[in-house]
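*Asks:* Each chain is listed here by its residues.
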Amino acid sequence: MAIVTLVAALAIPGVSSGATSGSTVAQEYDLKAAFLFNFARFVEWPADAFAAAATPITIGVLGDDPFGATLDSLVGGELVRNRPLLVRRYGSVEDVDACHILFISSSEAGRLDHIARVLGRRSILTVGDTKDFAADAGIIGFELAQRRLRLRINLAAATDARLTISSKLLRQAQIVRSSRGRK
Amino acid sequence: MTTEIKRVLLAEDNPNDVELTLAALAENRLANDVVVVRDGAEAWEYLCREGRYAQRPPGSPAVVLLDLKMPKIDGLEVLRRMRADEALRSVPVVMLTSSREERDLLESYRLGVNAYVVKPVAFEAFMSSVSSLGLFWAVVNEPPPGSVRRAA
Amino acid sequence: MTTPRTSIRGKLVTAMMLTSTTVLVLTGAALVLYDLASFRQSLARSLATRAEILAANSTAALAFDNRDDATQVLAALRSDPSTVMAVLYDHEGRPFAAYPADVSLASVPAAPSGKGHWFEPSSVVVSRPVVEEGQTLGTLYLKSDLRALAGRVRIFTLVVVVAVLGSIAVAFALASWLQRGIALPVRTLADTARQVSDSKDFAIRANVVSDDELGLLTHSFNEMLSEIQQRDAALRASETRLRQLNGDLERRVEARTAQLETSNRELEAFSYSVSHDLRAPLRHIDGFADLLRRQAHSGLDDKAKRYIETISASAKSMGMLIDDLLSFSRMGRSELQNAPVDLDELVAEVRAAVSSDVADREIVWTVAPLPRVVGDPAMLRLALVNLLSNAVKYTRGRTPARITVGATEAGHETVLFVQDNGAGFDMAYQGKLFGVFQRLHGAEEFEGTGIGLANVRRIIERHRGRVWAKGELGAGATFFVALPREDSEANQDQEAA
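Residue numbers (numbering that gives the first Met the number 0), protein chains in the order written: chain A, 0 to 182; chain B, 0 to 151; chain C, 0 to 496.
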């Protein structure tokens, strides 16, 4: 499977040097796309997050899309818990409707509070790669450290969103606390 | 030449046989010098010059003709005694008897008889036997010394 | 009777021991093998379970590219010293994480495919796919050594061996105890049998110890002994009877023999008496008849002379009869003195004797070469005298008289024959020929008492031979004498002696 190849290629030490070359950046976002896709397996949404049994899991990208076609090709035809996956792109947070995983692009870095407020307690797994994303308002933050992509998870935010994150995923990540209080 | 006749002693109990024998001897004119005794005892008396013959002239017979079966002492006994006696041992003895039984023959010869003649029934044969006997023993044969001789 | 080298007891115990030992060993081996197999399976199963747990725990690490976490997950295997190696592969089959952490790349095998387990010479390997929510993220390879198995086999085998040995011991004790039920009755019977055989005492009976086929055997054995006892007693009884009868028989034989001996002696005495006393009167008759003739020589007419002649002849005749009778009787009583006899010599001598007083006759003698025979020379001589004088006598009317003497050897007999061309005889009367005092011719034709041939037969039959004759009236007669041939070892031994 394409995803595996990607993951494997990127998993060989020394390949991702950490330098932000063009190809490396692309690789980085391929990996993030793969992670986004995998989050679907390790997270449980409440029952009312889906209209029907066949309702797809929606992965949304808010703001500038850094993934390109990768995300679409990764997701196409796959099933997670018998649900298909759907990729949506949103210009603004208000456009976000039924979405389960939302990647907030770095282009929205200044509007994070706003986004958080709008989203409120909707069961959406917010993912971002801006600095301290998880500590601020998101649930899962990507962080590049020592040439590896690390995860930071705000468990409280997840709980607020009524999302259950598998302990397996939690184990992969560093748990962070909110640096800001949320209502 | 005159032949001396020697004395013959005939021991025979049966008178008939005596007569026949004498008759046969007479054929050869030998009868005169035959002394007849009727049994073995008498024969022994004669030979030993005892009893009734104590006075007889001395000298042994030239031949003794003995019958086997005789009363008192039989021929074999007489023969035995004769052969046991020094003086009589060499006197010729002829058994003249009816018996041809082997044991009689054996015993007689064992005791030292000189001749054994069986008396045949047929008289001519008898006569001839006796004649030959008498002729031989009493005339031809030289008796041992001490026998009586008679001048012819 | 030889002592057996293996006993029933030994055989029974051996049989039972062999059976139980074989069964125990087979069962034990089966148990060990089964346990081995099932332990192997459970080993693989538990390894698989562990692999599955590890795989489940490694999904996120694989999904989120977290080698450290994956290595940490695998490191949990440290607690199991029998783990050889664990490798987590990504979906491409490339090694992602491994345990031990420092395992060299060269020893990491190629990624296995899918779910499975297999055994290598000294290890067991399990592979499991790492799956999260239906998605295969990679493969886990887990290899463990078989020390647990070896340990298990050792212990289990030891336990089984001990159990088997213990069971064998128990089996032995049991067998030794159980064999008595069979061996004891058998030995009792065998001992009794030997006792009977040694002592020949058939009154002994075996004890019936068990109520089975052996008991039956013992009963039959006892019955047989009773039977033997009876027969033995009967045998002894008949032996005693036999000895008694024998004794009786011997006594009877002795008595009879004594009787016969007495008879014989009486007969001898009788002959002796006859020989002497009967002849005397006959002699007198003939003697005095002759004297009478001489005495009355001139005074007798022909008739008187004839009377006297008859008296003489009768006396002579009686004398001859007496002689013949006596010799005939003697012939039967005297013992044979067997010796080799040269028939040529004997025949020549007898021929001379019988022809001495017939010198005036023309007699043609043909005597063939004759063989030697074995017999009593005196008796054979007498027989020949009879035969040859008969031949001479009965050929009186012939000129020339032909007398032939010959012999043939036929089988086991020597057959002598005397043939003449004389008066012969009527074959109708051949049965009477050899009878005592039997004559086939009148006294006027030929003199004789008729005792001659009877003597011949008696003599020859005493030699275990046979006599017979052929004749034709007026043409002559042939007399045959067959004597058994004695050309055997007995004869040669006699000659050599």
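Where hints are given, some of them may not hold.
What the hints assert, rightly or not - In silico DSS-like pairs for lysine-lysine, Cα to Cα no more than 30 Å straight-line:
| # | chain 1 | residue 1 | chain 2 | residue 2 |
| --- | --- | --- | --- | --- |
| 1 | C | Lys469 | A | Lys167 |
| 2 | C | Lys114 | C | Lys142 |
| 3 | C | Lys431 | C | Lys304 |
| 4 | C | Lys199 | C | Lys142 |
| 5 | A | Lys130 | A | Lys167 |
| 6 | A | Lys167 | C | Lys114 |
No lab work stands behind these hints: they were computed from the structure.
*Asks:* Work down the list of hints and note, for each, if the structure agrees.
*Replies:* Taking the hints in turn, this is what the structure says about them:
no. : hint                 : result
1   : C:Lys469 to A:Lys167 : 153 Å, violated
2   : C:Lys114 to C:Lys142 : 14 Å, holds
3   : C:Lys431 to C:Lys304 : 37 Å, violated
4   : C:Lys199 to C:Lys142 : 84 Å, violated
5   : A:Lys130 to A:Lys167 : 24 Å, holds
6   : A:Lys167 to C:Lys114 : 22 Å, holds
Taken one by one, the earlier hints fail for this structure at numbers 1, 3 and 4, listed in ascending order.
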